[in-house]
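Enquirer: What the sequence shown shows, in the numbering used here, is residues 6 to 115, in sequence order.
Think of the hints as simulated: they come from the structure by calculation, not from any bench.
Careful, some of the hints might be misleading.
With a cut-off of at most 27 Å between alpha-carbon atoms, the simulated DSSO-like pairs for lysine-lysine come out as follows [claimed, not checked]:
no.	residue 1	residue 2
1	Lys102	Lys28
2	Lys41	Lys107
3	Lys28	Lys14
4	Lys28	Lys106
5	Lys36	Lys9
6	Lys102	Lys11
7	Lys94	Lys41
8	Lys9	Lys106
9	Lys28	Lys11
10	Lys11	Lys106
11	Lys14	Lys102
12	Lys41	Lys106
13	Lys36	Lys24
14	Lys28	Lys107
15	Lys11	Lys107
16	Lys102	Lys41
17	Lys24	Lys41
18	Lys106	Lys14
19	Lys41	Lys14
20	Lys41	Lys28
21	Lys9	Lys28
22	Lys11	Lys94
23	Lys14	Lys36
24	Lys36	Lys11
25	Lys14	Lys24
26	Lys106	Lys94
27	Lys9	Lys107
28	Lys9	Lys94
29	Lys102	Lys36
30	Lys94	Lys107
31	Lys14	Lys107
32	Lys11	Lys41
33	Lys24	Lys11
34	Lys102	Lys9
Label pairs and their computed distance ranges (CB to CB) [unchecked claim]:
no.	residue 1	residue 2	range
35	Lys14	Ser61	23 to 31 Å
36	Glu97	Glu39	29 to 37 Å
37	Glu97	Gly23	36 to 44 Å
38	Ile95	Ile66	43 to 51 Å
39	Thr54	Gly86	37 to 45 Å
40	Ser61	Ile95	46 to 54 Å
Beta carbons: idealized from backbone N, C-alpha and C, even for Gly.
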Amino acid sequence: MPAKAKVTKNDLVVVLAGKDVGKRARVLEVKPSEGKVLVEGVAVVQRHTRRNAQRSNVGGIIEREAMIDISNVQVVCPSCGAPTRVAIKILEDGTRKRQCKKCSAIIERR
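Take these sequences, add in the hints, and give me the full structure.
Expert: Below is the structure:
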């Protein structure tokens, strides 16, 4: 069973590897079972589609984002603004919150 992803939808992340290294963008989708994330404007690929009248598809070349490995992104802390690793902090009431390893601030879900 894969580990639980510490990156969630709508997080601001920085890309660590690949052709878009250094870009900061928002996470659109997370697939923790596959270890992949979909990041806005990162890993854009071209898809050649054929015209299909039944689906009202005009066809042509469509650009869309591809999934990248979750290990190639790092969460940007909203309070200190730096890319950071994420810790899991268990509060007194038993809830689990994500915590910045650099400034120890709680990273809330957006």
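Enquirer: Which numbered hints are broken by the structure, listed smallest first?
Expert: Violated hints: none; all satisfied.
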